[in-house]
Amino acid sequence: MAFISSGYNPKEPMKDRITDIGPRKYDEFYPPVIAKNKGKWLYHEYLQPGVYVHVSETGDEVYTVRVGGARLMSVSHIREICEIADKHCGGYIRFTTRNNIEFMVDSKDKVQPLVDDLMGRKFSGGSYKFPVGGTGAGITNIIHTQGWIHCHTPATDASGPVKATMDVLFDDFRDMRLPAHLRVSLACCLNMCGAVHCSDIAILGYHRKPPMLDHEYLDKMCEIPLAIAACPTAAIKPAKVELPGGEKVNSVAVNNARCMFCGNCYTMWGDGIVIMAGGKVSNRISAPKFSKVVVAFLPNEPPRWPKTTETIKKIVEAYANDARKYERLGEWAERIGWERFFEKCELEFTHHLIDDFRDPAF
Amino acid sequence: MAFISSGYNPKEPMKDRITDIGPRKYDEFYPPVIAKNKGKWLYHEYLQPGVYVHVSETGDEVYTVRVGGARLMSVSHIREICEIADKHCGGYIRFTTRNNIEFMVDSKDKVQPLVDDLMGRKFSGGSYKFPVGGTGAGITNIIHTQGWIHCHTPATDASGPVKATMDVLFDDFRDMRLPAHLRVSLACCLNMCGAVHCSDIAILGYHRKPPMLDHEYLDKMCEIPLAIAACPTAAIKPAKVELPGGEKVNSVAVNNARCMFCGNCYTMWGDGIVIMAGGKVSNRISAPKFSKVVVAFLPNEPPRWPKTTETIKKIVEAYANDARKYERLGEWAERIGWERFFEKCELEFTHHLIDDFRDPAF
Amino acid sequence: MPKHETPMLDQLETGPWPSFVSDIKQEAASRAKNERNVEFQIPEDVCDDLLGVLELSYKHGRTHWKHGGIVGVFGYGGGVIGRYCDQPEMFPGVAHFHTMRVNQPGGKFYSTEYLRQLCDLWEFRGSGITNMHGSTGDIIFLGTTTPQLEEIFYEMTHNLNQDLGGSGSNLRTPSDCIGQARCEYACYDTQALCYDLTQTYQDELHRPAFPYKFKFKFDGCPNCCVASIARADISFIGTWRDDIRIDQEAVQAYIGGELKPNAGAHMGRDWGPFDIQKEVIDLCPTGCMWMDGKELKIDNKECTRCMHCINVMPRALRIGNDRGLSMLVGAKAPILDGAQMSTMLVPFIKAEEPYDDIKEIIEKIWDWWMEEGKNRERLGELMKRQGFQKLLEVTELQPDPRMVQEPRSNPYIFWKEEEVEGGWSRDINEFRKYHQR
Amino acid sequence: MPKHETPMLDQLETGPWPSFVSDIKQEAASRAKNERNVEFQIPEDVCDDLLGVLELSYKHGRTHWKHGGIVGVFGYGGGVIGRYCDQPEMFPGVAHFHTMRVNQPGGKFYSTEYLRQLCDLWEFRGSGITNMHGSTGDIIFLGTTTPQLEEIFYEMTHNLNQDLGGSGSNLRTPSDCIGQARCEYACYDTQALCYDLTQTYQDELHRPAFPYKFKFKFDGCPNCCVASIARADISFIGTWRDDIRIDQEAVQAYIGGELKPNAGAHMGRDWGPFDIQKEVIDLCPTGCMWMDGKELKIDNKECTRCMHCINVMPRALRIGNDRGLSMLVGAKAPILDGAQMSTMLVPFIKAEEPYDDIKEIIEKIWDWWMEEGKNRERLGELMKRQGFQKLLEVTELQPDPRMVQEPRSNPYIFWKEEEVEGGWSRDINEFRKYHQR
Ligand code: SRM
Ligand code: SRM
Ligand code: SRM
Ligand code: SRM
Ligand code: SF4
Ligand code: SF4
Ligand code: SF4
Ligand code: SF4
Ligand code: SF4
Ligand code: SF4
Ligand code: SF4
Ligand code: SF4
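Protein chains in written order, with our numbering: chain B, 3 to 364; chain C, 3 to 364; chain U, 1019 to 1455; chain E, 1019 to 1455.
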């Protein structure tokens, strides 16, 4: 594998350098029907799960076919998307804010061939490549993060639990039987890269052990003052430590009783999953809400996290059976009361679910 | 004025000493109809403002006539109460949790003579001694505190503003035209001796100047460490100070920018009044609520505090005109939105009304 | 001729509401006349000087009282608030002006005989001015001199069978709503429980051993007429756990207009005919009521006993029969950390003499607070600092969703080492086998 | 024969949802075959090793990635996240495995031509694995080696007219909902504003000069399809200030059942016939709608533009014509002080090019935050620490009740010296004339 230069010369990094040009401009990529009707849309309508039409005041229509995406995707997969888009959609495509793929066509007769093509494609292992669904009062893609595929602080994996959960919720991805949207999200650690803190159901990776100290290398590996400042509960104090060899090094000491395992300070041992519920983002009917912790801990059970998916399924079914039309999961829980929520979802209420986050003062 | 001993001998304080006997037992003081029907009451009904009847399962009835009390009362006044109670009520009386006096009779024919007697008595200055009212969906007595009559930290008087306000609200003390109870309270400083923090309308004495330091005497007058610990914003630090005479004393320094004038540390300059609104205590329909600051500052205007009473009157009238039956003031404000509350009450929304209380961490 | 000119105060003699100025003047006049020939033990003109110093405050816009140092009666750490005037030469009658807190009787019922005894004592040995009552609930004797404190205490305990109330870092005078004495909503006997606990905890009431003040208040039902939920470290609020009793005929009488809603509490205005749907069913916060033809139905399992429907139709709806109380904890005024409302600790407990279950919980709470509470830290603040879980732990109560408004929204759970498999200590060298630096 | 056995991952190939494992395997196979004869600039078996290290994580239950130190492209302080494997001998293909964040186009529209260019570049110089897209909005190139970073940047800027996105303490890649491009609810052109601000603040995006990260997100209406209110330091949310446009005939068509409520979003179940009273009027949070005979009426002054009625009847109700946006500030994830939702700063502002008014506010906010913010302090945390008033002061905006959920319930107002008559300094000796010690 020979190194091939792009033209960049490390000795003269500024030569011909182009910077600060920003992204490509959005309107280069609008399909013609979008470019023509932007700002003129009158209304939309669902035709079947995953398919909806927007009608413009010009009389034009755009039919959107939404497809579930494992947002971790290879260039081979993207090229297949391109192939489909070239065949059906005039060479344009978009992604949604929840990592789905949207194929758009400008007349109704193009819809069914597209849908059939998409649903016909499967990976060798048997899963759909391009399942159509995720619209309206159903379950769409799970927003998620890196997990064990790339990050250094995860307490659980991301893509794996998401795949396992979406398999369990797949029928609701392909249907619109729920009282309202139900958004599931996953973040692999407390940093919560996503909107997990405001999701109908959130899967959160959580550490339960205070950091493990590698005194011998700590001073070299990270900046001690930064670790101290990063701790939200002031559990970390500087300390001089004697190594087994007798050498004295600068390190830190952790007050374990104060640690809430946020992982801010140091690479930590991954431990398991917290389930949160009842958050939302939209301003519809009620204000956005934070998700609440409803299960304090579930173990990591790779590869299919059965306790996690089972818990989620129970919540979804209880909600589906009991909530009123238009009522989001959190609105439902508040109306019936959290006492009933735990009853109906068959979840146990434990002392961990009671807020005890100490004021940062302590 | 010769000293008359009770029998107590300061040289032998323990001799014949009686302690820890507690209060008199409640049932010594029950009027017969109460003693007989305790726990058997079936229902109650209002006959006119200030007068209501309770009916027992035994068939007995007790008619209560509620009378406004300036809770600061002299023994002469109490003796007059006793005289009335002897005349009409068989020698029993009670006080309510809001400092009203309740005269009880056991048959309907005794009511009107009692009411007439009460309403007929006036102080020389012209005020009623025993105005009947304060029941149901109206305004009852103002819960209040000491003010300039006894306390060392008040930012305003108590009895004076209460008298001025009750004069302005008197018609509603004598009527039941409001959508629900409306409770007014007063506390003369941030210690809030009362339930001012949960009242429909609260009058709160408030200092606006950081403490004045009397370095020469501070060490002698109060405990410096206690003053420091008492400060909620950590604005006080110990300091050595040189007096004009050259002497060095232990004292404190105050970080004025951090002071929120709570008065916890030191006797302070009285300044004026904060008006709060929308609190409640009962659990009826909605949970208890804290009062909110709706006017950040009104000057002390003895003897009649016209700006304060005028503001309160405006709030009461806006509420009376606009709220729904059973709706407490805070419920009304929340339903119409605080934006409308300020509009309808003709109050200005200022930046002071936005919460900026810093976490105790800072 | 009054001793001091009080032009500002005089303006407070007009207007309909009872004038405290007129009343103090009446007392000043009564002392000056002294028709009963009382041998006043504090200055005869105390009321004149009180008016005088108050007028001066009206002029200056600030108080003229100073902190009172430590005054009290022997062996007690509370019950007296010391107070001195900062202009004693101008107003010698109130140079010393301490208050005494006298533990009021339950429900604030009095016989006139007893009230007169209090008046006689206070006229003789004090200013003759009182507060009926203080915000905590005590009878307040407003203003006397230091030498009189022991004398008054002696006479009260020996002749009136009456003790002082609380102040300082101890149990404060407990107080109650009128409850079963005259209210059909009362779910337990507030006076009995209030009295029993007051007597049981006399030592805690009189001898400061706590980090700060501690208050009990007793409300017979969730209407909270003594505002316990807003201002007691432990609020005892009556409740029931079976069904609301319904008299369907009376329901029809309300619908038909024969009975006035809310006992006539809205009679000052014409609100139109009563509409059970709008006024009761739609306002029920849990939406657990409905009309089934002519029958009013309640899904009692969903009812949170907010009292609204019962308040509106007291003759048709009555509290259940399986009664008791809820214990909520931690209410306090705003200083230092902001006001707190009481929060649910015991959703339901029976209130039966000798109240041992209740006392057990109280004492566990106190043990914890006395052990862990900082100086001047209220229970609510300790709960905030150490967490509600800690309170559950020390009271040995089971967690229950009714204890929280909603589950926590932050996932910052403090796990204990023993709850986590394998504990917290790990071997860094073992770890390094699988994870290089 | 795969390079590594992955029995656990293999189980994730079954089930209906697209399997990322199958996809990585497909890429591994494609690289092994190399039908296009690409001269891979990073190990050909990178995807095999990625599966291998992931399988190991599945076995151990923990990550095998280490913090990446500082890697990036010359002159930029963001756009690259460094990452190293902690078992490089076992998995040399992913020993270095840095990600690059590529600033996505507005609305995430693509031509296939452009997408293929990205694929070609990334197959050639990286792992061929991407995230479409990252949570902030970027295209994520997942895994390459340090020497490739500058090469990729060079090719992107020279051949693809494409820049990197943000990371580190700078402006993060702004992102938007689809908005006017395909949505009838959009109150402003989210793509236009997002693009304009992205270009205007290129320097802030690439060169860390902030105390911490800073995010912009653009939602065309209060439905918040890009979740701006939960995760942007400034959320730009479309709104209007005139009346909702009503087509009364269409209202009747919904009532009559000719039009399906919510565009048919509930078609998966039979919810019974549409009931405008129950489904729209009663659910309006401000209760500002009613039927006047056959006419639907809205008291627009009371409407808070929650979108519910419009969402239910898109063919009958339309957003107003006087459109703009609200700016809300301070949202962030939970660490350190707990999650925050954005809070209203500018209730209404027009969104018209060149957006000077909006930029003025942004820059005032930044000036304050850069001046006062501590290291790693998000805007929301600074607002909490110094108070919302301070933000009003620096942005020179007028206080407005719409900025708060409710007025403060603590009266702890910090008055400034200049607001208080006479200021703060008082003469203790003057005071002592009227108040003795
Ligand atoms: C395509 C997308 C925007 C984009 O730029 O990519 C989008 C598109 C639409 N949204 Fe959305 N929303 C999209 C993410 C969101 C999000 C963000 C999220 O979930 O992370 C939200 C906030 C969710 C929350 O509150 O937690 C969101 C809350 C809504 C709502 C409010 C729903 C509610 O009941 O609270 C509506 C209104 C409705 O559904 O009637 C809405 C309505 C719509 C409409 C009907 C708007 C229109 O007229 O075109 C679009 C089709 C809806 C559908 O999915 O059935 N959209 N929508 C996003 C699709 C995500 C996906 O792949 O599934
Ligand atoms: C890649 C991405 C997750 C993903 O898989 O999509 C991500 C990945 C990381 N985030 Fe994030 N964050 C990503 C979006 C977010 C979001 C969501 C958003 O931007 O809408 C949030 C929550 C919103 C917010 O900003 O508050 C988020 C909140 C954090 C935080 C907590 C920040 C805080 O103020 O509390 C950290 C911690 C930190 O900054 O040290 C963090 C830190 C990290 C780091 C850099 C971990 C670290 O300390 O080194 C992660 C690198 C992972 C890796 O190996 O690639 N990430 N991070 C997202 C960026 C992709 C993109 O550019 O499109
Ligand atoms: C006498 C007293 C108890 C006592 O032990 O002294 C009392 C007595 C009654 N209360 Fe009360 N309440 C008394 C203070 C309170 C308080 C405490 C306070 O205001 O500080 C409250 C809480 C107020 C709050 O929420 O801020 C209170 C909230 C209620 C309520 C709930 C009202 C609501 O709309 O929220 C009811 C129910 C009702 O009125 O229908 C109630 C009902 C009643 C009833 C009808 C109960 C009964 O059947 O006897 C009594 C007559 C009511 C009346 O005043 O019209 N009582 N009541 C107190 C009279 C105070 C006074 O002099 O005016
Ligand atoms: C007399 C009384 C006000 C009245 O006019 O009724 C009163 C008067 C004082 N209170 Fe109080 N409090 C009185 C009921 C209350 C209440 C109401 C209650 O008990 O229901 C509260 C709010 C509830 C609570 O406890 O949180 C109350 C909260 C305070 C506080 C703030 C406590 C806190 O935790 O934040 C202080 C400050 C202190 O303790 O240093 C305080 C302190 C004081 C002091 C002792 C001021 C001081 O620092 O020296 C006042 C003495 C006044 C005087 O000169 O007589 N007072 N105080 C009330 C007691 C009368 C009685 O025994 O019946
Ligand atoms: S949530 Fe945590 S572990 Fe996951 S990508 Fe973000 S920082 Fe990494
Ligand atoms: S994990 Fe978080 S709370 Fe625990 S010591 Fe590290 S920074 Fe502090
Ligand atoms: S509120 Fe303040 S000033 Fe008034 S009595 Fe209580 S402590 Fe004294
Ligand atoms: S008045 Fe209160 S805030 Fe100000 S210095 Fe004194 S104790 Fe601190
Ligand atoms: S709290 Fe309940 S029981 Fe007590 S007086 Fe009020 S209404 Fe009656
Ligand atoms: S008490 Fe309250 S919650 Fe219970 S049925 Fe009556 S109105 Fe509903
Ligand atoms: S936020 Fe509003 S404008 Fe944007 S896509 Fe969603 S519904 Fe349409
Ligand atoms: S947008 Fe919301 S608040 Fe406005 S009228 Fe419609 S439902 Fe009501």
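What the hints contain is simulated information worked out from the structure, not anything from laboratory work. Yeah, the Cβ is synthetic: ideal placement off N, Cα and C, and Gly gets one too. Treat the hints loosely; a few may be bogus.
[Said to hold, decoys possible] Here are the in silico distance ranges between beta carbons for each label pair: (1) E/1138 to B/17: 55 to 61 Å; (2) E/1138 to U/1437: 31 to 37 Å; (3) U/1227 to E/1441: 40 to 46 Å; (4) B/323 to E/1023: 53 to 59 Å.
[Unchecked claim] Result set (EDC-like, lysine to aspartate or glutamate): computed pairs, CA atoms no more than 16 Å apart in a straight line: (5) U/1077 to C/319; (6) B/89 to E/1288; (7) C/124 to U/1374; (8) C/89 to U/1031; (9) B/346 to U/1411; (10) E/1278 to E/1260; (11) E/1451 to C/216; (12) B/17 to E/1288; (13) U/1408 to B/357; (14) E/1408 to C/216; (15) B/327 to E/1288; (16) C/346 to C/303; (17) C/327 to U/1300; (18) U/1382 to U/1340; (19) U/1408 to U/1439; (20) C/17 to U/1437; (21) B/327 to E/1173; (22) U/1084 to C/303; (23) E/1296 to U/1317; (24) U/1319 to B/345; (25) B/327 to E/1297; (26) E/1451 to U/1104; (27) B/38 to B/14; (28) C/327 to U/1437; (29) C/13 to U/1168; (30) B/17 to E/1300; (31) U/1451 to B/303; (32) E/1084 to B/216; (33) E/1278 to B/47; (34) E/1077 to B/216; (35) U/1319 to B/341; (36) E/1319 to C/319.
For each hint, the structure was consulted:
no.: 1; hint: E/1138 to B/17: 55 to 61 Å; in the structure: 24 Å, violated
no.: 2; hint: E/1138 to U/1437: 31 to 37 Å; in the structure: 52 Å, violated
no.: 3; hint: U/1227 to E/1441: 40 to 46 Å; in the structure: 45 Å, holds
no.: 4; hint: B/323 to E/1023: 53 to 59 Å; in the structure: 43 Å, violated
no.: 5; hint: U/1077 to C/319; in the structure: 32 Å, violated
no.: 6; hint: B/89 to E/1288; in the structure: 36 Å, violated
no.: 7; hint: C/124 to U/1374; in the structure: 50 Å, violated
no.: 8; hint: C/89 to U/1031; in the structure: 27 Å, violated
no.: 9; hint: B/346 to U/1411; in the structure: 27 Å, violated
no.: 10; hint: E/1278 to E/1260; in the structure: 27 Å, violated
no.: 11; hint: E/1451 to C/216; in the structure: 13 Å, holds
no.: 12; hint: B/17 to E/1288; in the structure: 66 Å, violated
no.: 13; hint: U/1408 to B/357; in the structure: 11 Å, holds
no.: 14; hint: E/1408 to C/216; in the structure: 32 Å, violated
no.: 15; hint: B/327 to E/1288; in the structure: 11 Å, holds
no.: 16; hint: C/346 to C/303; in the structure: 25 Å, violated
no.: 17; hint: C/327 to U/1300; in the structure: 12 Å, holds
no.: 18; hint: U/1382 to U/1340; in the structure: 26 Å, violated
no.: 19; hint: U/1408 to U/1439; in the structure: 21 Å, violated
no.: 20; hint: C/17 to U/1437; in the structure: 58 Å, violated
no.: 21; hint: B/327 to E/1173; in the structure: 52 Å, violated
no.: 22; hint: U/1084 to C/303; in the structure: 23 Å, violated
no.: 23; hint: E/1296 to U/1317; in the structure: 21 Å, violated
no.: 24; hint: U/1319 to B/345; in the structure: 12 Å, holds
no.: 25; hint: B/327 to E/1297; in the structure: 8 Å, holds
no.: 26; hint: E/1451 to U/1104; in the structure: 10 Å, holds
no.: 27; hint: B/38 to B/14; in the structure: 45 Å, violated
no.: 28; hint: C/327 to U/1437; in the structure: 52 Å, violated
no.: 29; hint: C/13 to U/1168; in the structure: 12 Å, holds
no.: 30; hint: B/17 to E/1300; in the structure: 66 Å, violated
no.: 31; hint: U/1451 to B/303; in the structure: 23 Å, violated
no.: 32; hint: E/1084 to B/216; in the structure: 14 Å, holds
no.: 33; hint: E/1278 to B/47; in the structure: 9 Å, holds
no.: 34; hint: E/1077 to B/216; in the structure: 23 Å, violated
no.: 35; hint: U/1319 to B/341; in the structure: 11 Å, holds
no.: 36; hint: E/1319 to C/319; in the structure: 22 Å, violated
Comparing the model with each numbered hint stated earlier shows that hints 1, 2, 4, 5, 6, 7, 8, 9, 10, 12, 14, 16, 18, 19, 20, 21, 22, 23, 27, 28, 30, 31, 34, 36 do not hold.
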